[in-house]
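Engineer: Kindly generate the complete structure, drawing on both the sequences and the hints.
Same order as they appear, the protein sequences are chains C and D. So for the first sequence, this note's numbering puts the first residue at 12; every next one is plus one. So for the second sequence, this note's numbering puts the first residue at 148; every next one is plus one.
None of these hints come from the bench; they were simulated from the model. Nothing here was measured: the structure is a model prediction, and the numbers come from that model. Beta carbons are placed, not taken as given, at the ideal position from N, Cα and C, and that holds for glycine. Be aware that one or more of the hints could be misleading.
Calculated cross-link-like contacts (lysine to any residue; reagent style SDA-like; alpha-carbon spacing at most 25 Å) [as the list claims (entries may be wrong)]:
1) D:K288 to C:P140
2) D:K289 to C:H125
3) D:K288 to C:L105
4) D:K288 to D:D244
5) D:K289 to C:S20
6) D:K289 to D:G246
Label-pair distances were calculated between CB atoms; the ranges are [said to hold, decoys possible]:
7) C:D107 to D:S383: 33 to 43 Å
8) D:A349 to C:S44: 40 to 50 Å
9) C:M116 to D:L182: 50 to 60 Å
10) D:R497 to C:L67: 28 to 38 Å
11) D:R497 to C:T87: 45 to 55 Å
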Amino acid sequence: MSVSPKMASARRVTLVLVMIPLLIGSLALNLLSVPRWIPLVTFAAVVAFGIWAWWLIGRRVRSFGYAERADDLLVTSGILNRRLVIVPYGRMQLVDVVAGPIDRMFGVSTVQLHTAGATTDATIPGLLPDDAAALRDRLAERGEERTAGL
Amino acid sequence: MAPMVPSALVGPHRVDAQGRRRVHPLTPAVHWLRLIPALLLVSFGVLNSAGRSGGSRELLVLLVGVVVVAAVVTGFQYVAWTRLSYFFDSAGDLRIDSGVLSRHERRIQLSRLQAIDIVQPLVARVVGMAELRIEVAGSPKKAMLQFLTVGEATALRSEILARAAGVRHDAGEAPENVLVQVPAGDLVLSLALQFRVWALLAITVVIVGVTVATNGPTGILFLFVAGGVPIFLVFSEFSKFFGFTLAESADGLRLRHGLLQTAAQTVPPGRIQAIGFYEPLLWRGRGWVRVRINVAGVAAADQGSGDQTYTESVLLPVAPWPVALAVVSRLLPGLDPEALQWQPAPARARWRAPLQWRSLAVAVNDSVFATRGGWLQRHTCLVPHARTQSLRVTQGPYQHAFGLASVHVDSTPGPVRIDGYCRDAVEARALAEEQADRARRARGTAAPARWLR
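Structural biologist: What follows is the structure in structure tokens.
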């Protein structure tokens with residue numbers, strides 16, 4: 012399963028919110044007595060970064076995928092740094108569903124899995140709230156069936 | 148140590164009107180005594196400056212200040228002592244009620260017990276007191292009982308362990324069998340053979356040199372404080388591991404160590420999540436190794452300190468390889484780390500890990516997944532299949548270019564990381580899938596939480 016494209020919209024809104032002060036800042040450089048080219052180059056760099064990040068968000072969101080298998084959950088993510096996580100149902104300690112304010116505006120939630128491991132990092136962003144709740148319940152149920160001591 | 152203490156001697160607890168047990172009445176005094184070094188230091192500083200200005204007013208202020216601090220601390224600690232009680236509830240779990248301003252009622256599920264320590268800070272040791280620290284899985288903070296007499300603390304530890312194991316709780320202290328004692332000479336030499344120690348000593352030399360050159364002998368106090376810190380770090384490691392003794396008993400592993408502050412840690416059987424062997428460069432000539440373990444709960448409490456030392460998860464500070472292997476084969480029966488079939492990383496891993504690629508390898512057998520790596524300090528880490536938490540395969544852009552990927556077996560928080568760096572990408576994925584399968588089968592046959600029942 013892959014994640015909802017709405018996730019990309021939510022992330023892009025966050026990006027825009029970060030970009031606005033950066034753009035204003037680069038324009039404000041004009042007020043300082045610096046050579047003419049410095050504000051131009053800065054502005055161009057900020058715009059280029061914004062376009063690159065915009066494109067990257069789309070790819071990164073598409074890179075998320077998960078599969079509920081017979082005994083474990085598989086989560087893949089990343090473009091440059093690729094990751095694949097296998098979390099056995101019997102090892103899950105708790106399953107969280109979280110959604111920040113911007114995520115809620117776009118109606119997407121993130122499911123986070125926790126094990127007793129320190130380095131386990133399995134998050135599935137960009138699920139519709141109903142799907143996220145259903146996934147959490149399914150995972151919790153399977154965890155209960157297969158739970159093992161430490 | 149007597150093999151069995153008669154049950155009459157196990158129960159001399161101070162019990163209050165509600166039938167709850169109390170810690171020792173001298174507890175406020177011990178807390179107060181622990182303040183003395185700090186008070187002395189402050190007094191010394193004030194006296195020093197007062198002596199220069201020759202004022203007797205400062206002396207009066209100092210005296211009043213010391214009395215006030217002492218009174219406040221004693222009062223607070225007295226109230227804390229009256230509010231602290233513990234007991235075993237009907238379900239057999241330990242309850243600790245405490246707190247002066249906000250009440251804290253803690254329930255310690257003995258089925259989730261991970262480790263139990265008796266620690267004697269120097270001051271407490273002088274007056275024959277000890278504190279008990281209890282670790283349970285899934286709890287970020289240790290439960291502490293301050294202070295008990297050494298006899299009470301030992302008896303309470305035996306009782307908790309016996310209850311957790313599911314046997315009669317008045318069975319007394321289980322007999323033990325000493326496995327390893329680290330000689331002080333080996334400990335000193337092992338410290339001398341580490342670059343880190345030399346670096347710290349070099350820092351001291353630099354501080355002394357610079358201070359004398361710039362300030363002359365007047366900078367002596369600064370020198371004492373600043374130059375003392377690196378030496379103190381070296382000494383504290385020596386002091387911590389001094390007299391290190393590893394013993395086994397029916398209760399589990401017992402680790403005792405310490406020169407000034409002593410600690411006696413008990414790790415019940417089957418609580419070890421992962422084992423790592425670490426070999427600094429200069430130890431190789433002597434065939435020495437340090438053994439660290441992951442125990443759920445133990446390192447988690449230490450992580451806040453940020454310096455990644457995890458001293459409490461050191462199983463052996465320094466030991467010859469055969470000794471270390473003998474100990475580990477007792478912990479994981481049937482395991483012979485020397486018989487592992489190591490699969491080295493592909494030669495193209497040299498482009499990604501130019502220094503350590505020769506030592507990178509993974510191995511799998513019936514009971515453990517093992518990885519090896521490191522350049523100057525080599526390490527070998529093992530995790531039993533049944534202790535596998537989750538699996539990860541990661542691939543950075545540079546690894547991707549060479550068709551490499553790393554496979555990681557996640558363990559509980561601790562110093563031991565099981566990372567198989569720079570495998571062939573296809574092989575890494577296959578290793579992860581196979582390990583998930585092995586872990587699932589091993590979990591099915593894992594031992595129960597109450598190990599003697």
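Engineer: Are any of the numbered hints broken by this structure? If so, which, sorted upward?
Structural biologist: Those not satisfied are hints 1, 5, 11.
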